[in-house]
Amino acid sequence: MMLLRGIWDSRQARLGLALLALFAAVAALGPFLTRDPAAFLADPLLPPSAEFWLGTTRQGQDAFAQLIVGTRSSLGIGLLVGVLVMSIGSLVGLTAAYFGGLVDDVLSLIVGVFLILPGLPLAVLLAAFLEAGPLTIAAVLVLTGWAWNARVVRAQALALRRRDYVLAAIALGEHPLRIMLLEMLPNMTSIVFSSFIAATMHAIGAQVGLEFLGLGDVSQVTWGTNLFWAVTNQDILTESWWTILPTGLAIALFGFALAQVNYGVDEVTSPRLKVDRAYTALVGQRTGLRRLLTPVVLARSDADRERTSA
Amino acid sequence: MIHLLRRFAFYLLAAWVSLSLNFLIPRLAPGDPASALQLRFQGRLEPEALQAMKRAFGYVDAPLPEQYLSYLGGLCRGDLGISVSYFPARVTEVIADGLFWTLFLSGVSVLISFTLGSLLGAVLAFRRGSVADALLPPLLTFLGAFPYFWLAMLLLYVFGFSLDWLPVRHAYSDELEPGVSAAFVASALSHAFLPSLSIVLTSVGAWVLSMRNNLMATLSEDYVLLAVAKGLSPAKVLFRYAARSAILPSVTGFGMALGFVLSGSLLTEIVFSYPGQGFLLYQAVKNQDYALMQGLFLFITLAVLLANWLVDVAHVLLDPRLRR
Numbered sequence: 001m002m003l004l005r006g007i008w009d010s011r012q013a014r015l016g017l018a019l020l021a022l023f024a025a026v027a028a029l030g031p032f033l034t035r036d037p038a039a040f041l042a043d044p045l046l047p048p049s050a051e052f053w054l055g056t057t058r059q060g061q062d063a064f065a066q067l068i069v070g071t072r073s074s075l076g077i078g079l080l081v082g083v084l085v086m087s088i089g090s091l092v093g094l095t096a097a098y099f100g101g102l103v104d105d106v107l108s109l110i111v112g113v114f115l116i117l118p119g120l121p122l123a124v125l126l127a128a129f130l131e132a133g134p135l136t137i138a139a140v141l142v143l144t145g146w147a148w149n150a151r152v153v154r155a156q157a158l159a160l161r162r163r164d165y166v167l168a169a170i171a172l173g174e175h176p177l178r179i180m181l182l183e184m185l186p187n188m189t190s191i192v193f194s195s196f197i198a199a200t201m202h203a204i205g206a207q208v209g210l211e212f213l214g215l216g217d218v219s220q221v222t223w224g225t226n227l228f229w230a231v232t233n234q235d236i237l238t239e240s241w242w243t244i245l246p247t248g249l250a251i252a253l254f255g256f257a258l259a260q261v262n263y264g265v266d267e268v269t270s271p272r273l274k275v276d277r278a279y280t281a282l283v284g285q286r287t288g289l290r291r292l293l294t295p296v297v298l299a300r301s302d303a304d305r306e307r308t309s310a
Numbered sequence: 001m002i003h004l005l006r007r008f009a010f011y012l013l014a015a016w017v018s019l020s021l022n023f024l025i026p027r028l029a030p031g032d033p034a035s036a037l038q039l040r041f042q043g044r045l046e047p048e049a050l051q052a053m054k055r056a057f058g059y060v061d062a063p064l065p066e067q068y069l070s071y072l073g074g075l076c077r078g079d080l081g082i083s084v085s086y087f088p089a090r091v092t093e094v095i096a097d098g099l100f101w102t103l104f105l106s107g108v109s110v111l112i113s114f115t116l117g118s119l120l121g122a123v124l125a126f127r128r129g130s131v132a133d134a135l136l137p138p139l140l141t142f143l144g145a146f147p148y149f150w151l152a153m154l155l156l157y158v159f160g161f162s163l164d165w166l167p168v169r170h171a172y173s174d175e176l177e178p179g180v181s182a183a184f185v186a187s188a189l190s191h192a193f194l195p196s197l198s199i200v201l202t203s204v205g206a207w208v209l210s211m212r213n214n215l216m217a218t219l220s221e222d223y224v225l226l227a228v229a230k231g232l233s234p235a236k237v238l239f240r241y242a243a244r245s246a247i248l249p250s251v252t253g254f255g256m257a258l259g260f261v262l263s264g265s266l267l268t269e270i271v272f273s274y275p276g277q278g279f280l281l282y283q284a285v286k287n288q289d290y291a292l293m294q295g296l297f298l299f300i301t302l303a304v305l306l307a308n309w310l311v312d313v314a315h316v317l318l319d320p321r322l323r324r
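Those sequence lines, one after another, are chains A and B. Taking the numbering used here, I'd label the letters of the first sequence as residues 1 to 310. Taking the numbering used here, I'd label the letters of the second sequence as residues 1 to 324.
Keep in mind that the hints were calculated from the coordinates and are not lab data. Some clues are possibly wrong.
Unchecked claim - Here are some chain B residues the structure puts well away from chain A; computed CB gaps all over 12 Å:
no.	residue
1	45
2	69
3	111
4	116
5	120
6	157
7	170
8	186
9	213
Claimed, not checked - Just some of the chain A residues that point at chain B, by a computed CB distance under 7 Å:
no.	residue
10	125
11	208
12	244
The beta-carbon is built from N, C-alpha and C at its ideal position, and this holds for glycine as well.
Just chain A, same shape as in the assembly (with noise of 0.2 Å):
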């Protein structure tokens, strides 16, 4: 509950709340009230019109059908990744923590290999060699991508297995797993959300791109395989802007309004942030060299009238 009212405290963080709802309703009823994505409708790159909101692509379909649909399931893909790295991530990284010596080295190891390996070519290859389709574009993605979670939660876990009250559960004969998700996950919120965020971003601009590439199942509506036709029929070509533009653009806002929510994130963990935003618009200052002091947490409360007043 802290971290959600920390996150709503900036203003960054609320204008990526309220784009993400934006996306989400599209995702959830956009489908419903479109056109079918797959049918041919009318003329062959047909631009923008009333009847046609974004035009038509090479094959006659409707351009904004396929933005909309595509918005719905490459959203689910970048969720189930995000969730899933998320979830293993915290898992490895905890245990790491946890148990130390011989555990936390050989998992760090693993970890330390599968951050270093590129992923687009490792994905590469296993997208080709396996079936064509979105589960194994996810499933791609989530062994390309959990390695950094589990590096970012071991850090967070190391620090908190020395607390007392982590001790104290050992000492008690708590059951491991108990003390890693009952006792320790809960602490540690704010990284594990933020963990969730990064990789959320990082799973649909991968998927994209995979997708790009022609690995994934080109039969299907997702905004990778929008842009894979675009580049296919060589819509650059035919200066058909409509059927490459507003699907990047889709993309990219989506990856905005997550960092804007995770730089909320950062400020309830890192409290110098939110402190030199505070002075800031206190002083009204420009702050280089000259300013060296010495920053006051003030209260939350007190930190809040203070800026309302000035």
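Keeping the supplied structure of chain A fixed, place chain B upon it in accordance with the hints.
For chain B alone, kept in the frame of chain A given last:
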């Protein structure tokens, strides 16, 4: 020294993992990779050559460990098989042909992006709360959220086709012979401009934010205050005292980001038909050229590992604490 040796051992381990993944993935897939290979080259390749290629991929009639040994033997001889899409060229030759252009495009773009981003980040941290500091970070975050190849398509569309200012495909003009002449270098640079710009635009934001946040933390350290109190000029304090330690996390992140940026630039190459590794990857996927895909995976991975080790060396040069 011990530090660098330990890192080197780690990269060797990572290299071994990638070699083994390359061996295992085809065998985990549904279907029989050996007969798929046979089918693909039947009638195009001499039977002996086909046998040699199957041996190099470890597709021998033996238990898994022996297949693995056969595969490792093939690797030691530098045999990565024959490419279907560039038949009858060997995979190693095909990759070597595209190598220079990838190194040139990604190398130059990553360096520009890192330098420019870190400098900009330093300026923003120094001028915290200014208009630029309020506007640039969200703008760069927005730019960074675009898929690399999409921004590449946009630039291609606007500057290549609509305005017709810059060339839209290949690495140099078809009318020129590759060589060290002024005309050729100019042509190569003008062909690299748009792809490079799209890579820099999407990747620069991460460096700006990293440098800005690190430097903001460093600027409130006591030793910086001391430097100011000594009466040193702001530029000297900023670059000689604060920035030098603030850039360390960015350098650590550089190795990690390399794989990511490389992945993005591979997709950018496809948009511009730039004849590097990314374009080869695209051809390989389109023609189901598994040998070329596997070769590219191995090659790109090893290149990233090597680059990471070089970053480690740079890190030791920058951070005296690691030099013990």
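Outcome of the hint check:
no.: 1; hint: 45; verdict: holds, 21 Å
no.: 2; hint: 69; verdict: holds, 21 Å
no.: 3; hint: 111; verdict: holds, 18 Å
no.: 4; hint: 116; verdict: holds, 20 Å
no.: 5; hint: 120; verdict: holds, 15 Å
no.: 6; hint: 157; verdict: violated, 5 Å
no.: 7; hint: 170; verdict: holds, 15 Å
no.: 8; hint: 186; verdict: holds, 25 Å
no.: 9; hint: 213; verdict: violated, 8 Å
no.: 10; hint: 125; verdict: holds, 5 Å
no.: 11; hint: 208; verdict: holds, 5 Å
no.: 12; hint: 244; verdict: holds, 6 Å
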